[in-house]
Structure formats: structure tokens, C-alpha cells
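Peer 1: Here are the chains, one letter per residue:
Number of protein chains: 2
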Amino acid sequence: MNRKKLIEQIRLKKSFLCIGLDTDITKIPAHLLDTEDPVFEFNKQIIDATKEYCVSYKINTAFYESRGLAGWKSLIDTWNYLPKDTFSIADAKRGDIGNTSEMYAKAFFDQESSGMSFDSVTVAPYMGTDSVKPFLKFKDKWAIILALTSNEGSKDFQFLQADPENKLFEKVIQKAADWGSNENIMFVVGATRGDAFLTIRKHAPNHFLLVPGVGAQGGSLADVCKYGMNKDCGLLINSSRAVIYASSGHDFAQAAREEARKVQNEMAIILEAM
Amino acid sequence: MNRKKLIEQIRLKKSFLCIGLDTDITKIPAHLLDTEDPVFEFNKQIIDATKEYCVSYKINTAFYESRGLAGWKSLIDTWNYLPKDTFSIADAKRGDIGNTSEMYAKAFFDQESSGMSFDSVTVAPYMGTDSVKPFLKFKDKWAIILALTSNEGSKDFQFLQADPENKLFEKVIQKAADWGSNENIMFVVGATRGDAFLTIRKHAPNHFLLVPGVGAQGGSLADVCKYGMNKDCGLLINSSRAVIYASSGHDFAQAAREEARKVQNEMAIILEAM
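Protein chains in written order, with this note's numbering: chain X, 751 to 1024; chain S, 751 to 1024.
What the hints contain is simulated information worked out from the structure, not anything from laboratory work.
The structure displayed is predicted, hence computed values, not measured ones.
Wrong hints could be hidden among the right ones.
Said to hold, decoys possible - Across the chosen pairs, the derived CB separations fall in these ranges:
(1) X/Glu758 with S/Lys889: 50 to 60 Å
(2) S/Pro914 with X/Thr785: 54 to 64 Å
(3) S/Asn1015 with X/Pro955: 57 to 67 Å
(4) S/Lys889 with X/Leu819: 47 to 57 Å
(5) S/Lys794 with X/Ala1018: 56 to 66 Å
Using N, Cα and C, we set each Cβ at its ideal position, and we do this for glycine too.
Could you put the whole structure together from the sequences, leaning on the hints where they help?
Peer 2: Structure below.
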């Protein structure tokens, strides 16, 4: 999906919600466990219930890989089931030397080779330019580069002073912005501190940002939008656990729908006021 | 495999060679293509032919993921076939927030969950402590943390001056060394400049280092050993393409064996002189 289409979807649905399918087989409702593939069945019902209110789905590959071959099958089946008018994200945090990153790009972008063709993949920046560039060779596909994450460990390296003016996460944004454009690069920016977005927007005024950490991880939607939005919206706000585990009973899909609708309502008001 | 056993294997085989199974289906000999799983068949024959001369196998997961479900099956089958007296490395460059890294650790360490239990996984450091710690909870398993890589893009961030005394890759080694011990942490150190090992050894005198980049990527074995060895050897030197693609004909396994034997001979002489 290209940038224009993504922005259209945001306007159409009055939403910039991304729903994270971090589907943990130990957390899904008991009544699904005797279906053929409980994880896929759960995802299917979550997608059906929520697709009206979100513009994107993010699949956290770790949760699928942890179940080996069966998990990788759930991953492919889930990708196949995603509505093609939503922006799909393989949250895989990949990155390696050039010839290996080419293989990762194939894994997530080249349906003929791997059975999947996501719109985007999350990528770790540590190995630099040739670890990211192979992802940018695919038309209308995106690399979403880790800049500032919302976890405790983000303090270990991301805030190191990389030069007199910039911390490491700023340096990552500055450099990576040159590897592609705002048509094929986004950044992951954790939402635990809204005002960090002022700094981010200094370096990447026009890029889309993928923002985890609103809700369960403690960030405020209002703050993120206040400091992080740009004229095209420029934000995809992810919610995983708060939506998909809204209920653990037979009503899980309905509860997820309600939760997604609530967030979408807030987002509609914010978009209106833009 | 614990540190003691690894050192024993190095002494026994007079080798610290790791063979990288970066198996690309477009590069394997044509006569294998009509077997049921050409990639696994190739790996099997390479393993049989070389296991006498190496102490470790490194599987580059990207090459398997790129082929979707079939590739993930080749990966599991290959892991199953690895001799249990060799040190197995899932070269996966994973890393995410704590609860997600737990899932990645299950994917590569918890056989009951995923069908695989490698001795180690390569891990990207950018997200800090909680992205690595879940890998350290498994007994006799290792996290191999990216410190200094051998690719062009390593210059983008790894050499940034992180404080007056240390570059970023040094900071990564200093911090990460505290997350575990030399019994469960190794570092990836690219071999394109042998004297960089002087700096590395200042920060991690006793850790094992996984060294790609000898051979195809241009590093010299003698230089790496001169500057990088410690009293326990402390090195696993990886060779992928130079060994596994030594010939593209019917004699590919024999040619790989010859190549591995040649490297092992050099290593035996170096170990003798220690």
C-alpha cells in the first residue's frame, strides 16, 4: 500500500488505529482450543470484529515462531486473511548484512517465494544502510525502522549522546531518512513520553510513525497526537493487548470490537480538530 | 552446550571453525533439485562431509524464512540433523521488548514449543537489556550479541563516539557483558580489521567471539587469531560461502570437506602455537 492510499484509508475510516495481533495461545479463550488452528481462528474473529475501526494490523512474528511449524502456518494464514484495504505490518525486527536482508525482504514481501506479502516490516537499525536497503527495493513496500522504543532497555543505547546535538535515536532518524523517502520509510517511536515527539518531528516532519505503547504500556493518545501529528496525520497508533484480550470469554471478539470502536471514536474527534 | 564442553570440543577437534549454512536454493547443485527437500538434502550432505573439521554450525534463518512454510520445515529438519557435539547457532538477529523476546527465546530454545533447541541465538542490541535477558534464562544456552559487524553499514552507527572513551560498539560490549557472563554471552565481531580485536579484548577478555567475515568478506585468519585469541581460544570463526559452495557440481560435499579440512589444518597449527 502506498502513502496516498494509507492516508485515504485514515480519512475514510476516521481512524489511525493499528491492531497488534500478538496472539499468545495461552491467552486465547478456552472454547477456541479445540478448533483446528486456535490462533488463526482467534485472529479471524478479531479481524472480522475490528476491521471497520482500524486501518492497519501488525503481526508480531515472535508469537508465531515460538510455535514452530504450526505457528508459521498460522502466520501465513493470518496474513492471507487480512483485508487488503488495511496496511499490514510484519513486526519482525529483522536486519542483517545486505545479502541476508534480501532474504528477509523475500520472506515478508515476496508472496511467490514465501506465501506472504506484507506492506511493511519492522527493521532494527544497528547494522546500518545495507541492512535496510533491500527492503526498499519493493514497490509500495515499507521499512519501519526502530528509532525510539518504549521498553525499559531503550535507555541503554538509544539515549546515548551520539554527537554534540543528537542522541543515538536522533542520529538513526537523520541517517535512515536519507536511505529512502517518506514513501517507503516509517519509524517506530515509543509513546511513553509524548514530548519526545517534538524531537522526532524536528528530524522527520513528514514521515509516518508507528507508535506502540499507548494503553497497556502507559502512553497517552492525546499527548502523542498533540506533539506527533502532522498534516497527513502521520501516525499509526498500535494497540495489542488492550484490544485483543479485552475479554477472555465467548464474547472476546465483541469486546475487542467495542475497545477498537472506543479508540476510533477518540481518533475521529482528534482528526476532526486537525 | 556449556562453555566447558565447547572448549573441550575445540581441543579435541583442533578446530574453532563454524560452518554457516546460508543455504540458498538457487545456488545448490542442480542434481539435488528433484529431491523432496533440496535444501535439507544439501545441508545433510554438507554436515556429513564437514562435521569432523568444525565445532559449530550456524544456520542463517533468513535463507529459510524466505521460502515460507517449506523453508521453516527445512530449518527444523536441519536443526534435528546437527550432530549434538557441535555448537549450534540460530543466526536470527532477533530482539524485541521483554515479553516478545521471551517468545523468540522459545522459538529457538524450547524444543517442546517450537521443535528446535539451538545452543545459541544471535541478538541485536538496539533495544537494550530486556530484549536480551529472556535468552539468558535457559540453562547452557547463549545470546550472541551483535557488537561490531563486518558489513559496509557497520560504519553508520557502530563507530559513533558514545562517550569520550568509547565508540558505540564498545559501549554495547561493556553493558551487555553485565547482563550475563562469559558462560552465556558471546559477541559478534566482524573480521575485516584484525586490530579491532585489540579494542574488543580490552572490554571482553574472556568472552567467546563469533567472527564472520574471514574468507569471502576479506578478513585474515592469522590477524584475527593474533589479536583476538584468549587462553581458552575464545573464537568461533565462521565460514559460509567459501565452504558450502566450494563446488557447484556432484562433488560439492567432497569439495566442502576439503575446504573445511584446509581451514581446520591452519587452525590446528595456530592452536598448537598458543
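Peer 1: Does each hint fit the structure? Answer for all of them.
Peer 2: Hints and how they fare:
Distance hint check: the CB atoms of glutamate 758 of chain X and lysine 889 of chain S are about 52 Å apart, consistent with the given range 50 to 60 Å. The hint said 54 to 64 Å for the Cβ distance between proline 914 of chain S and threonine 785 of chain X, and at roughly 59 Å that hint holds. In this structure the supplied range 57 to 67 Å holds for asparagine 1015 of chain S paired with proline 955 of chain X, their Cβ-Cβ distance being about 58 Å. Distance hint for lysine 889 of chain S and leucine 819 of chain X: a CB-CB separation of about 25 Å, inconsistent with the stated range 47 to 57 Å.
Checked against the hint of 56 to 66 Å, the pair lysine 794 of chain S and alanine 1018 of chain X passes, with Cβ atoms roughly 57 Å apart.
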